[in-house]
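Student: Each chain, written out:
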Amino acid sequence: MIAFLRRRPGLLPLLLLAPAIAWLVAFYVYPAIQMLQASLWSGTLETGFAFSWANAATYPEALGRYSDQFLRSILYAAVSTVVCLALAFPLAYTIAYRAGRFRTLLLFIVIAPFFTSFLLRVLAWKTVLGDDGFLLGPLKSIGLLPEEFRILATPIAVIFGISYNFFPFMVLPIYVSLEKIDRRLVEAAKDLYAGPARAFQRITLPLALPGVFAGSLLVFIPAMGDFVNAELLGSVQTRLIGNVIQSRFLVNNDYPTAAALSFMLMAGILAAVFIYARVLGTDELETGIG
Amino acid sequence: MLRWLGRNALRAYTGLALVYLLLPIFIVALFSFNDPVGKTNYTWVGFTLDHWANLFAIPGLLDSVIVSIRIAFISTLIATTLGTLAALALVRYQFRGRPGTSLFIFLPLATPEIILGASLLTLFVAIGRPPFFPLNEFTILIAHITFNISYVIVTVRARLAGFDRRLEEASADLGADGWQTFWRVTFPLILPGIAAAGLLAFSLSIDDFVITNFTAGRTTTFPMFVWGSARVGVPPQVNAIGTIFFVAAVSAVAIGSFLQRRRA
Chain C
11 MIAFLRRRPG LLPLLLLAPA IAWLVAFYVY PAIQMLQASL WSGTLETGFA
61 FSWANAATYP EALGRYSDQF LRSILYAAVS TVVCLALAFP LAYTIAYRAG
111 RFRTLLLFIV IAPFFTSFLL RVLAWKTVLG DDGFLLGPLK SIGLLPEEFR
161 ILATPIAVIF GISYNFFPFM VLPIYVSLEK IDRRLVEAAK DLYAGPARAF
211 QRITLPLALP GVFAGSLLVF IPAMGDFVNA ELLGSVQTRL IGNVIQSRFL
261 VNNDYPTAAA LSFMLMAGIL AAVFIYARVL GTDELETGIG
Chain F
-7 MLRWLGRNAL RAYTGLALVY LLLPIFIVAL FSFNDPVGKT NYTWVGFTLD
43 HWANLFAIPG LLDSVIVSIR IAFISTLIAT TLGTLAALAL VRYQFRGRPG
93 TSLFIFLPLA TPEIILGASL LTLFVAIGRP PFFPLNEFTI LIAHITFNIS
143 YVIVTVRARL AGFDRRLEEA SADLGADGWQ TFWRVTFPLI LPGIAAAGLL
193 AFSLSIDDFV ITNFTAGRTT TFPMFVWGSA RVGVPPQVNA IGTIFFVAAV
243 SAVAIGSFLQ RRRA
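Protein chains in written order, with the numbering used here: chain C, 11 to 300; chain F, -7 to 256.
Hints are computed from structural coordinates only; laboratory data are not their basis.
Honestly, I wouldn't trust all of these hints.
What the hints assert, rightly or not - Here are some of the chain F residues that sit facing chain C, going by a computed Cβ distance under 10 angstroms:
1. Ile19
2. Leu47
3. Ile50
4. Phe87
5. Val224
6. Ala241
If you're wondering where the values come from, they're calculated on a predicted model, not measured in any experiment.
C-beta: ideal position from N, C-alpha, C; glycine also.
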């Protein structure tokens, strides 16, 4: 075997790759094809499902029926991405340039939430944002807020939860891009009589854009599929497309509709990733998250 | 003056951001010491150590933790092995189709978890009818290995990028064959990267809810237990387990970075 490989060195990388690629083909690509097929099924779990191209009508039907949830997902994901960006940039900037010997500690705190259970974190916000919780309770008792004011079960709570959960995915890529910037460029700009604001605008910001793009995708994509925040922090009025997919699949066993919705969601997201990869190159994407 | 303001505003903001990041972790730990009235554990009533003393008094909780640890352990082992081999191929060799392969490996990371879970559920439903393919620990394991492979490849690859290949050449110059060079030089050097990837895979698996929700059937992992009890009220013991997981993960990272610093 080893002697054979020595004669054909080109085979070694393929051999090393084969198990992982085979696994992903079997359990990532094939299920996706299977899901496309399921979206063209008709029937129920009890009677069994039958495949027919005529069932393509499921797509426009599902889209029409759940357009509200689709649009709400896009809206919440977009707002969460913008919120994350606004909150993350100053933090990433501080860690990259102002943290000194605390840099590692700060980076560690950024990823610390991932060491606690995701669901428990969401539930912790339910405690904090509760109608008489730590935050609103005191404000209500001193009369700053009306008694009926609430955050939980509103879109704000859901967007807040989504933003919190994916916040580190925005901070890290921006930090990586900022950290790579050659600071002498900023000094050069200042030598050329640019003020700090102008140097930031013309040097730092453009060079940080790959991180901003990577971070935005890493927040927007999972946010589009969220159903946990919407379920635990929201109400019936904040149901997202993820909630619909989850309940169609797991509660109603309505596989064709659920598969069609999943497929439309996935197709839209993959299109976005491909366009993004085209524009920036895959290496940029990977260094962004690495 | 303006600069002083700018600098201190940034500092104050950073402080607030850190509180924002850490507050939920603190709340989770704090409410493991709460003595709630009734089933819901959302308002602070009083301090008690009872729930820590009776950590597994809640039926099903211990079982769910054991199931989670078992799945995390096996999925980490398999995903880290497959992922490390693939990462070696991607970093060390130039071959046709490498950029495409990189993009392909990245795709599962760019797919929302709900879609990964839903498509695996569809697969299990489709190949098993009738009767349907049983959803159990085995199907969860398949799902976890799937998402972990990509994470491992990306992590190990990032760590391998700075690898000095002259060390291997030196080893070959000193008469070592390829196999000896790999085990004596390459492997010890990439081991920290593999360990980091393994740690990431383990923590992703033990905390996964979304994909598990689709592939679990009646099997209850720890996150599934939390989700199930969230409707009726999460017992403080669950917070205690969450706190233990947090402390364990932080310790693992701290020990890891300590060992690496000592080596360097």
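Student: All hints are to be evaluated individually against the structure, with a verdict given for each.
Tutor: Hint-by-hint comparison with the structure:
1. Among the interface hints, the one on isoleucine 19(F) holds; its C-beta lies about 4 angstroms from the nearest C-beta in chain C, closer than the 10 angstroms criterion.
2. For leucine 47(F), the shortest C-beta to C-beta distance to chain C is roughly 15 angstroms, which exceeds 10 angstroms, and the interface hint is violated.
3. Violation of the interface hint for isoleucine 50(F) is found here, the shortest Cβ-Cβ separation to chain C being roughly 15 angstroms, above the 10 angstroms cut-off.
4. For the restraint placing phenylalanine 87(F) at the interface with chain C, the shortest Cβ-Cβ distance is roughly 5 angstroms, inside the 10 angstroms limit, so the hint holds.
5. Hint status for valine 224(F) relative to chain C: violated, with the closest Cβ pair at about 13 angstroms, above 10 angstroms.
6. A cut of 10 angstroms between beta carbons decides the hint on alanine 241(F): the least distance to chain C is about 4 angstroms, and the hint holds.
Hints 2, 3, 5, counting from the list given before, are not met by this structure.
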